[in-house]
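**Q** Protein chains in written order, with our numbering: chain A, 1 to 332; chain B, 1001 to 1289; chain C, 2001 to 2242.
Read the hints as simulated data drawn from the structure, not as lab findings. Don't be surprised by glycine CBs; every beta carbon is placed ideally from N, CA and C. A couple of the hints might just be wrong.
Not everything, but these chain B residues come out facing chain A in the computed CB check (under 7 Å) [to be verified]:
#1 LEU1068
#2 GLU1094
#3 ASN1110
#4 MET1114
#5 ASP1130
#6 ILE1134
#7 SER1263
#8 MET1267
#9 PHE1268
#10 PHE1270
#11 VAL1278
#12 GLN1282
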Amino acid sequence: MKDMWTAIPARGRVILLVLLAALLVAPAALDRYFMSVLILIFYFAFVGQAWNIMMGYAGQLSLGHALYAGLGGYVAALLWFYFGIGPWIGVFAGVAVAAAFGAVIGWLGFRFGIEGVYFALLTIAFAEFTRIAFDNMSFTGGPGGLFLLYEEQRTHEWWNLRGGPLLFYYLGLALAAGGALLTAWLARSRLGYQWLAVREDQEAALSLGVGAFRAKMIAVLISASMTAIGGVFLAFYYNSLFPAQAFDIGRSIEIILAPVIGGLGTIFGPIVGAFILTPLGEALIALTAKFGVDLPGTKAVFYGLTLMIIITLRPDGVWPWLKRLLGLEPKS
Amino acid sequence: MNLAIVLNVVIQGVLTGLMYGLMALGLSVIFGVVRVVNFAHGEFAVVAMYATYLLFVGLGLDPLISLLPIALAFFAIGYFLQITLVNRFVGRSEHEQFILLVGLAIIIVNGLLMIFGPDARPTNLPYSLDSFEIGPLFIDTARVYSAVAALLVSAALFAFFRYTTTGTAIRACADNLTGAGVVGLNVKRLYAVTFGIGLACVGAAGSLMVTIADASPSLAQSFTLLAFTIVIIGGLGSMTGALVGGVLIGVSEAMASFFFAPSMKSMFSFALLVAVLVLRPQGLMGRRA
Amino acid sequence: MSALLKVDGISKRFRGLLAVDRLSFEVPQGGIFAVIGPNGAGKTTLFNMIAGVFAPDGGAITFAGERIDGLKPDKICQRGIGRTYQIVRPFPALSVEDNVIVGALLHRHHVSDARAHAQDVLRRLDLYDKRAQRASSLTLPDRKRLEVARALATDPKLLLLDEVMAGLRPTEMDRIVSILQELNRETGLTILLIEHVMRAVMALAGQILVLHHGASIAQGSPQQVVRDPAVIHSYLGAEDVA
């Protein structure tokens, strides 16, 4: 743990501490709108980190991550809705279900050698399958959605994740920071090296005795579990769930935006990506609204354009470049 | 259960499936040769649907006629896109190609949303409601025309790859890239032609698709997944496989809609996809790598 | 000397073509054993069967007294066989040191231990000064050495070297030859190598097997083999023996 900290150059440590301190005290100065933007940033940084483990480290292209977020959210929400079981307990059930799905997808994919685009389609197939299934089930609310009651008098029950922006702000911050810490720790572990080896060249990794199947299975389990936690967070933040949103491939793509833009296979990539994309998207909406234009799809077009530009010109993402710019490259 | 009803459903599925097959053919050709996964495939199909709709509303052109200029325009778009953008991604990792085309797909679908709004635009052909009656069978006229057109376009494509020099050269590229470069084929141009052909297929298929669905941005994603499902089931790179896969999925969708619920039709396609990925990854008609 | 690796009548057929035909030989513990032969003789196929890339169609491979034919590559490596690839395959985006750490982690659970071991190996192979470079930035001779370093870091009992000399200049070759001799002498490492460069083979090998069309046509000490008429006829005749 300690060498994770010392591995960061001194200037980086200062920047990190200042930013963290600023984020900790920020709610005192921010209005509701800016809080909501930051909450979204934290969410995307966290689930982006989850996807980063899978793709950036273990090299497995999953495009169905909405499945895990949706399952986590639905399971916890249903437990709360029907049995009054709070999300702090419900999250375990949500994670268990999502991890079980991850295990099935991983087992099928890795055991039968389904790789690359084929693996991506396998993950999409599962997410779409689940979306349609949820659309056709009545106890989940079907296509009409599942709504969690927002009761004014219960906004202080943090133990039930019923609360205002402040609760979700600090919870989101904790998730984003915790996710980054976990990833940093994993990346420096034996498992982390095995992931990188599998990502770079699976056959060569096998010939060095790396148990590729096991390493990839652990990656999908961790990634699915983290994403499910993010899903619970989002479900209780928005208080509503629709299959057409929760399991949509669009939701999966949202999850991959931040790590791709920020930089795959880096700890700070997903965080940087989330901090760039979400505010820019919001600013764009505000700007177009100011000119009296209100076209649905504007933000998405902007995201699409950003994706294309970044992947064409800077396929390693923004972070490696930003790191050099800030002089944070460790001296070699 | 009345056999005639089932037969009706199957025939309807086969006819729809031929259009699906043509769309998937475009995807298969692009992947088989350029080795790039066109994740914006369904989006292009929907653009073609809107173009067909506009030509119909504006000039009264029948989709079976506007198919030709649209296919031609899509060829040009594909050629240009490959030369300017996609070619930089040939040989790069799959996730980078994928992200490029997902970005393009997002732009197309939301661009359509900004221009046309979320409401579906129907193309009301004068023969939309006509049908051929053969004994107990009722077969939609529009669907028959479209399916025949899809078959003709596919046949033209088969002929192109078999009998023309360019077609043969493209097949050589697909089989042995280094070899193709060594014997002096202009691989970059052939790739552009291939991407153009792929988009021409999806453009033609999109034109025909207005006879069975109303143009809407929300169709795009499901078309992309549909095309991928078909191509994988049929076998990536196999042209016959794409058509067979299209028909298979068309029938499976029609049956699922009829016996279960229309909203559940793609569940069966996805189940089929997973089964094929696990049990026969080279697809039904594909060669084992 | 007892046999560390025993290959007993293995065969492999690809689409009707017999790549390896009932081949048998034994690699003694602590020895350096070379397999030579013209291109297409089945040398790499033989390696791939030993390393577990695919199983032989028939016959048995025994390593340290246990059957290993049919085991997967990771299991083979865990048993103590390290290999290099003829066409090197380093992990391109990782540093030289991290490449070797992956190997060192096979029998070490802490990255710090693995790093220390990796650095020892890198020193031995003259790569220590380049340890922070990305593997993709190395020159071919360095990549070849990295390939050996990575395999060595797994602490193998047997090292399979697939044409590590190809493409090297004579001085670079001599350096690798002396590194391998040192390893063999100091650590008792057993080496099985495929090699085209006769100079290196003559310098290193205690025993040579000549493979032709998947079958052994001669086997023995280097001096015996180079005088064998069958070998001269089918293989050496066209090459520079010196």
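**Q** Hint numbers the structure violates, sorted upward?
**A** 1, 5, 6, 9, 12
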